Amino acid sequence: MNSCADLATLTLSDAGRLICSRKLSPVELTEGCLDRIRRFDPAISSFILVTEDIALGQAKQAEDEIAKGRYRGPLHGIPYGLKDIIETAGIPTTAHSRVLKEHVPRHDAVVAQHLRAAGGILLGKLACLEFAHARPTPDQAWPQARNPWNTAHGFTGGSSTGSASAVAAGFALGAIGTDTGGSVRNPAALCGITGLMATYGRVSRRGVIPYSYSLDHVGPMAWTAEDCAVMLQAIAGYDPEDPGSAEEPVPNFKAKFRDRLAGLRIGWIRHFYERDMIADDETRKAIEETVRALRDLGATVEEASAQPLQAYHDCKLIISVAEFYSVHEAEFVANFAAYGDDLKSKAFQGAFIRAVDYLQAQKQRRKLAQDMVRTIAQFDVLLTAANFRLAPRISNEPRDSGDSFQTPNITAVSNVTGNPTISLCNGFSSNGLPLAFQIIGRPFDEPNLLAVAHAYQQATTWHLRRPTLVETLAA
Amino acid sequence: MSEDRVAYPYPYTTLEDIRITAQRLGLPFNESQLTRVHKAVLSIEGSAARLRQGLHRNDEPAFGVRLPAGEPK
Numbered sequence: 001m002n003s004c005a006d007l008a009t010l011t012l013s014d015a016g017r018l019i020c021s022r023k024l025s026p027v028e029l030t031e032g033c034l035d036r037i038r039r040f041d042p043a044i045s046s047f048i049l050v051t052e053d054i055a056l057g058q059a060k061q062a063e064d065e066i067a068k069g070r071y072r073g074p075l076h077g078i079p080y081g082l083k084d085i086i087e088t089a090g091i092p093t094t095a096h097s098r099v100l101k102e103h104v105p106r107h108d109a110v111v112a113q114h115l116r117a118a119g120g121i122l123l124g125k126l127a128c129l130e131f132a133h134a135r136p137t138p139d140q141a142w143p144q145a146r147n148p149w150n151t152a153h154g155f156t157g158g159s160s161t162g163s164a165s166a167v168a169a170g171f172a173l174g175a176i177g178t179d180t181g182g183s184v185r186n187p188a189a190l191c192g193i194t195g196l197m198a199t200y201g202r203v204s205r206r207g208v209i210p211y212s213y214s215l216d217h218v219g220p221m222a223w224t225a226e227d228c229a230v231m232l233q234a235i236a237g238y239d240p241e242d243p244g245s246a247e248e249p250v251p252n253f254k255a256k257f258r259d260r261l262a263g264l265r266i267g268w269i270r271h272f273y274e275r276d277m278i279a280d281d282e283t284r285k286a287i288e289e290t291v292r293a294l295r296d297l298g299a300t301v302e303e304a305s306a307q308p309l310q311a312y313h314d315c316k317l318i319i320s321v322a323e324f325y326s327v328h329e330a331e332f333v334a335n336f337a338a339y340g341d342d343l344k345s346k347a348f349q350g351a352f353i354r355a356v357d358y359l360q361a362q363k364q365r366r367k368l369a370q371d372m373v374r375t376i377a378q379f380d381v382l383l384t385a386a387n388f389r390l391a392p393r394i395s396n397e398p399r400d401s402g403d404s405f406q407t408p409n410i411t412a413v414s415n416v417t418g419n420p421t422i423s424l425c426n427g428f429s430s431n432g433l434p435l436a437f438q439i440i441g442r443p444f445d446e447p448n449l450l451a452v453a454h455a456y457q458q459a460t461t462w463h464l465r466r467p468t469l470v471e472t473l474a475a
Numbered sequence: 001m002s003e004d005r006v007a008y009p010y011p012y013t014t015l016e017d018i019r020i021t022a023q024r025l026g027l028p029f030n031e032s033q034l035t036r037v038h039k040a041v042l043s044i045e046g047s048a049a050r051l052r053q054g055l056h057r058n059d060e061p062a063f064g065v066r067l068p069a070g071e072p073k
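If you're matching them up, the sequences are chains A and B in order. Going by the working numbering, the first residue of the first sequence is number 1, and it counts up by one from there. Going by the working numbering, the first residue of the second sequence is number 1, and it counts up by one from there.
Don't take every hint at face value.
Said to hold, decoys possible - Some residues of chain A that are not near chain B, with every Cβ distance over 12 Å (derived): (1) Glu28; (2) Glu52; (3) Glu102; (4) Ile318; (5) Phe348; (6) Phe352; (7) Arg393; (8) Gln458; (9) Arg466.
What the hints assert, rightly or not - Straight-line alpha carbon distances no greater than 30 Å define the calculated DSS-like cross-link-like pairs of lysine-lysine that follow: (10) Lys363/A / Lys39/B; (11) Lys101/A / Lys68/A; (12) Lys363/A / Lys23/A; (13) Lys60/A / Lys254/A; (14) Lys367/A / Lys39/B; (15) Lys254/A / Lys68/A.
The hints are simulated quantities; they were obtained by calculation from the structure and are not laboratory data. All figures in this text were calculated on a predicted structure; none of them were measured in a lab. The beta carbon of each residue, even a glycine, is placed where N, CA and C say it ideally should be.
Given the sequences, and given the hints that come with them, work out the whole structure.
Dropping the structure here:
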């Protein structure tokens, strides 16, 4: 590690290779991350809590183990962050809410256990939307995370806000987020990094504070598809104590990595963002360029059709609002004042959902999932937009929560169907903000999904760009 | 019942319904917040009504919510 600037360009996978060959010290790497956090995070607010002593202790332990030949694998000695709805034993876990400001869990979430066992270095707990649901409002206990590509007023998307901004700012080499309607993939898209939501059931949610338990997923966020594969390898696996967990074998997630995609069939779902909703010109043009790049790699790309976006939205909305309130009802009534202003309005909507509507939505969800299986059966993967427009401006003004609920969200499709989906950068707008697209895979076929994303990143350079923090701070 | 006759069969929630529920639960919402909740609830009920257009009666197993993604290969 030559300088703080080197850290900004280093990927998790590259760092892992350097550590494995003893060309990079985990202690120096961790110190470099902590230095960047100290220097730049005051303007970005990606961390709620920096666990400096823990990180340095784990880094020293990793260094000692590796020196003695006890190398654990590609996450050994790698600094990462956890979204602060993932419980950590003895370390506060707040869900970015005053409600849990004093909450110190006794146990690690399963995903935290896995990362610890893999030898990862926990840098701290990352900001998010309150309970992964509400918009940031000034009455919350911590500031909202800002987008490193525009710290002045760039929103990071939601809800894994700090996870995306910490990676994009070069504070952590990877982060864990959670995804109920796109909360890994959307902030990853807006911050120019890669975000992976694995198949529903692939990663245990035990110890993750729930938002909507039948839609919640846990997923990695990092610069590249390869980084996400490395992280997923550590956190995937059946957990009999998570009712949503699937008893599926865990494959080698890099097994299908290759440079060319000859013979690969890609279904291009354009109607999600050209008819059901209209994406901005730059997003649409970037996807057309992406399709050209994938064809150049040898893939066949043909137009595909799924159900209208509105169908997924209606289904997801009813399920998520009902389940969120079912989780919070008792605390909400007892501790109303502690909830943020936006969350108060959002949570209470759940009190008015009829049981029959919730059950009908679950029934519709099953139909939509089956329909997606039929759609993707003709292809190896599907391709579509990750969002409809660039990172919006941060605003503290209260917003009519009905407005956003009337707008279908393209990432929520995969939460409803449970298909593994990755979002990755495919260009930059005229004002320098990241653009992105999504690849959707067959259930439990993450190796193929990751292989397509990896081949695309090998053939392009978008994932190599980094925000210039000094310049944005000066602006 | 044919699909095109399926519509939302319940009265839409009113602002007064929301105000009364908040009062009974002792939740001190202000008027602006109640209005925001009401608009959102109407939007959700619109989703519920649309969702019914795509459903058929008795065409699903009576029980079970397992997704195809969760079934053995």
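Given as non-interface: Ile318/A, partner chain B, CB spacing beyond 12 Å: About 6 Å separates Ile318/A from the closest Cβ of chain B, which leaves it inside 12 Å; violated.
12 Å cut-off, C-beta based - Glu28/A kept clear of every residue in chain B: holds, 42 Å
Phe348/A remote from chain B - nearest C-beta pair above 12 Å: violated, 5 Å
12 Å cut-off, C-beta based - Glu52/A kept clear of every residue in chain B: Correct as stated: the minimum Cβ-Cβ distance to chain B is 39 Å, above 12 Å.
Hinted pair Lys367/A and Lys39/B, Cα distance within 30 Å: Within the cut-off at roughly 28 Å; holds.
Separation of Gln458/A from chain B, once the least beta-carbon distance is taken, above 12 Å: Per Cβ check, Gln458/A is outside 12 Å of chain B; nearest 28 Å; holds.
Exclusion check [Arg393/A not at the chain B interface, CB over 12 Å]: Arg393/A is indeed farther than 12 Å from all Cβ atoms of chain B, at 21 Å.
Non-interface claim for Phe352/A versus chain B (Cβ beyond 12 Å): Violated, since 5 Å does not exceed 12 Å.
Claimed clearance of chain B by Arg466/A, with the beta carbon kept past 12 Å: Holds, because the least Cβ-Cβ distance between Arg466/A and chain B comes to about 35 Å, which exceeds 12 Å.
30 Å limit on alpha-carbon distance, applied to hinted pair Lys254/A and Lys68/A: Roughly 28 Å between the alpha carbons, so the hint for Lys254/A and Lys68/A holds.
Hint consistency between Lys101/A and Lys68/A [alpha-carbon to alpha-carbon, up to 30 Å]: violated, 40 Å
Hinted pair Lys363/A and Lys39/B, Cα distance within 30 Å: holds, 25 Å
Checked against the numbered hints given earlier, this structure breaks hints 4, 5, 6, 11 and 12; the rest are met.
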